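For this one, chain A is given, so just place chain B on it according to the hints.
Next come the chains, spelled out residue by residue.
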Amino acid sequence: MPRGGRAGRGCYDPPIFRSPGDPLKRLPTLLCCALVAAAGFAPGPVAAQAPKKVVRMAFRTAETGFDPQRIFDRYSVGVCENLFEPLLTYDYLARPVRLVPLVVEAIPPAEEGGTRYTFRIRPGIYFADDPVFRGKRRELVAADVAYAVKRFRDPKYASPYEWLFENKILGLDEVAKEARRTGRFDYDAKVAGLEVRDRYTISFKLTEPDFNFLYILAMPNVVPVAREVIEAYGDDTMAHPVGTGPFVLKEWVRRAKIVLERNPLHRGYELDARWADPADEWDRRAVDALAGKRLPLVDRVEIYPIEEEQPRFLAFINHEHDLLDETPAEFIDQVLPNGHLAPNLARQGVHVFREEQPEVTYDVFNMEDPLVGGYSPERVALRRAMVLAHDRDQEIAIVRKGQAIPAQSPVPPGVVGYDPSFRSTQQDHDPARAKALLDMFGYVDRDGDGWRDRPDGRPLTVVYKYNAGSQSNRQLAELWAKSMAAVGIRLEAEAVQFADLLNDKRVGKFQMAGSAWIADYPDAQNFLQLLYGPNTGQSNEARFRLPEYDLLYRRSLAVPDGPERNALYREMNRLILAYAPWRLGVHRIFNHLQYPWVKGYKKHPILYTNFKYLDIDVAARRAATR
Amino acid sequence: MTAYVVRRLWQMIPTLAGVILLIFFLFNWVGGDPAQVLAGKISNPEQIANIRKQLGVDQPYWYQLLVFVKQVFTFDFGRSWSTNEEVSRILMTRVGPTLTIMVPVMLIETSLSVLFAIMVAYVRGSLTDRAIMVICTTAMSISFLVYIIFGQWLFGFILGWFPVQGWSESYWKNLLTYAPLPILLAVAVGVAPQLRLYRSFFLEEINQDYVRTARAKGLPEKKVMLKHVLRNALIPILTNVGIYLPGLFVGSFLLEVFFSVPGLGREIVTAVNRSDFPVIKAVTVYLAVLTMVVNLLVDVMYKFVDPRVSFK
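Chain order of the listed sequences is A and B. For the first sequence, this note's numbering begins at 18 and goes up steadily by one. For the second sequence, this note's numbering begins at 791 and goes up steadily by one.
To be clear, the hints were calculated from the coordinates, so they are not data collected in a lab. This structure is a prediction, so every number in the text was calculated from the model and none was measured. We put the beta carbon where it would ideally sit given N, CA and C, even for glycine. A couple of the hints might just be wrong.
Calculated lysine-lysine pairs in the BS3-like style (CA-CA distance at most 25 Å, straight line) [said to hold, decoys possible]:
1. A:185 - A:207
2. A:418 - A:499
3. A:499 - A:452
4. A:619 - A:418
5. A:418 - A:267
6. A:274 - B:963
7. A:153 - A:173
8. A:526 - A:69
9. A:173 - B:831
10. B:831 - A:194
11. B:843 - B:860
12. A:310 - A:620
13. A:207 - A:222
14. B:843 - A:194
15. B:1013 - B:963
16. B:831 - A:185
17. A:274 - A:69
18. B:843 - A:526
19. A:267 - B:843
20. A:173 - B:1093
21. B:1017 - B:1093
22. A:69 - B:963
23. A:173 - B:860
24. B:1093 - A:620
25. A:153 - A:267
26. A:418 - A:69
27. A:526 - B:831
Here are some chain A residues pointing at chain B (derived, C-beta under 8 Å) [what the hints assert, rightly or not]:
28. 179
29. 180
30. 269
31. 271
32. 321
33. 324
34. 325
35. 331
36. 332
37. 519
Here chain A is said to cover these stretches of chain B; the calculated rule only asks that three of the stretch's residues, wherever they fall, bring their Cβ under 8 Å from a Cβ of chain A [unchecked claim]:
38. 840-850
39. 936-945
40. 1003-1016
Chain A extracted, bound-state conformation (with noise of 0.2 Å):
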């Protein structure tokens, strides 16, 4: 037990002190007592009886609100998958993720070849109670399902995710058009693409095939929301979310604290065992908590944003909170000195999932600058250098303290189409390699400053721009300009603000500059994306543009998961290592620990919180902080 471990007054309520016998300690509380005294103030309410199942964690980053429509960070996205519920999800435990179906009655198949999809929800799903609904039950329809749709491509709510359904949905294009013309969007206009067929079913026509479209009908904020609530609460819907989820917003202290409770409403779920891995000791922890039991277990969620990470470690360290989502780089040799659980958190039973996350990081090369840019081969064989000269093996063990994996290939582990077997020393640290590199196409140091010069004789010196607000982000552009002065390439590093460098890469004001990208959805083609030709301005940073890679990515767009269309990401991620447009960084890992009273756990690699699949033992709580 900690030495901050202190008796529980409450079930989930920590105690200020540990001994109220001492009057030194009871010295602040006093302190405090006299002054409200003498102020004169009046008591506050009582606080209301705690409910029986508490789970209390911290998010890294405050939300900005809670309209699914209208946000785009993990951590608002994160509260509204226990709100809200979209048409598919993915199963609990299944690895590699597997969608299932949640408020509709089957997966479609895909039909027209990959154009039209039709679901039908099942009936006797309701949204949570609201006084928009005036004491009625409000039954979740198909026409729910086609308002949210419209929603994010309504430029009054100039949604995050508009790129979801833009040339995506047959006719919606048009309504979206006209409603910029107009500043109203219609939403009583048709559209053959949104086919509300009867109350239950809905029919998806695209513009195109996409095999991954159900992906995005799985997104936690691709969910049905009714539009009286939404016209209701008109510019306050952030801070009513009124779904058909199994929690509901309780209170809000924004930025500082956010309460779920469960909705009495909810029909509630059960664990599908299916799936399960029988090896996987989570797997099994899962199934024995919660199999057969009516799911969600947990009456109640307190969340706390803490963007500084000591306290956000010591109130999970001091059983302030029952979770700590990934642990502090700061703190990693504490929790997990030499790879393994620190024996003070072993001896608590303290369990630490290790989660390679769907994301990577990587370096932009701006295709279209005159010096790291082009496509001849004597520009890809400097972006090879420099790629080859940089200390990538650093940047793991000092920036990400070894909690990261190197990228071989854009796409991440756990991420439909990715290989394992794709193995390439093109990107590996060889400074040697380099300098052999940039002496045979004539980047050699012609005035003998001791920097290499471009093979014309003028100067060679490359501007690394970065995010001025982050501290990692600095250390990485000063191992960049270190890694290139080992190799003789002058690279200074620019620190810029977050919006500029934004608008930097995407009007391609720069020469290189950091990036990373989090799955949207599980499919490598979310990653791929990143470097297709037509995405130039938008994703696609970079500003590549090769037809090659262009016509093998539409082809893939076209083919449903299977060995053709891994055979066409392979040779997409060929060519990417071949021109090398970025230098492929890494796969974080993060490391979330949970106290043995947290009962069901398991991290899910594009679901962030799963509240609906945990439980509590309270006495087991109780008893461990006592």
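Chain B in isolation, oriented as in the chain A frame:
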């Protein structure tokens, strides 16, 4: 006095105009384009243009400035660009937690500083005086961040006297459970410089002729110190406290971030990071007005503390 107050109020207008211009130009020149941040992971120029239109940053500068001036005089700064929350509501809900921390900090800090300062001034030159000055100088040399990190670890984790962080809806729970540790640390940091400053005020008064006269008349030392020295030293102390008063409403960003206090300090930094101009505008203007008003009040209070002061 009325003429003086009216004149001072009148003088606030050009100052406020200067503040408005400064904020406006700083934001537009170095603030970054908020649309880039709000656009999300994937967006095209059309979508960014739409966001800029909605935020009003596509308008000519003169028009944006006009809107800003109108907002200042109507006290309506609209909604936050990042959370869509009404700015007035942000200010109202965040100022409470900030004051819950900062008012006790100021009261305790000032009381302790004045008390210790008059005590060490009384024993000036002694070993006690020198020891306290050395401690104060050392304490002042350490960063506030170190106090917070160490204090949180020691009092919150090792000793377990306070929760490491947190905030609730209940005023009493906040004051009695969550506020004591940040208050304690802020006081520990603030007392040292103030004590040194106030000691110098007291020493200056102790060396005045009237103090020597009072002692020559045979007044007891306690009366000399508390009635004559304290009262005369109160004017610079009042000025010093007045300077800090507007800061009460902004709070301490570090304290609020480390202890998860949903106060205004934390809000301001978040707003700057997210280029949330409506919040930045409102807080800056409100702080400028507050500073001017507090300065005026302090000047008026001089009259009551020292009858020799007259308004001209």
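Inset, instruction - Quick one: which hint numbers does this structure break? Sort them smallest to largest. - result: Checked against the structure, the hints that fail are numbers 5, 7, 8, 15, 19, 20, 24, 26, 30, 40, while the rest are satisfied.
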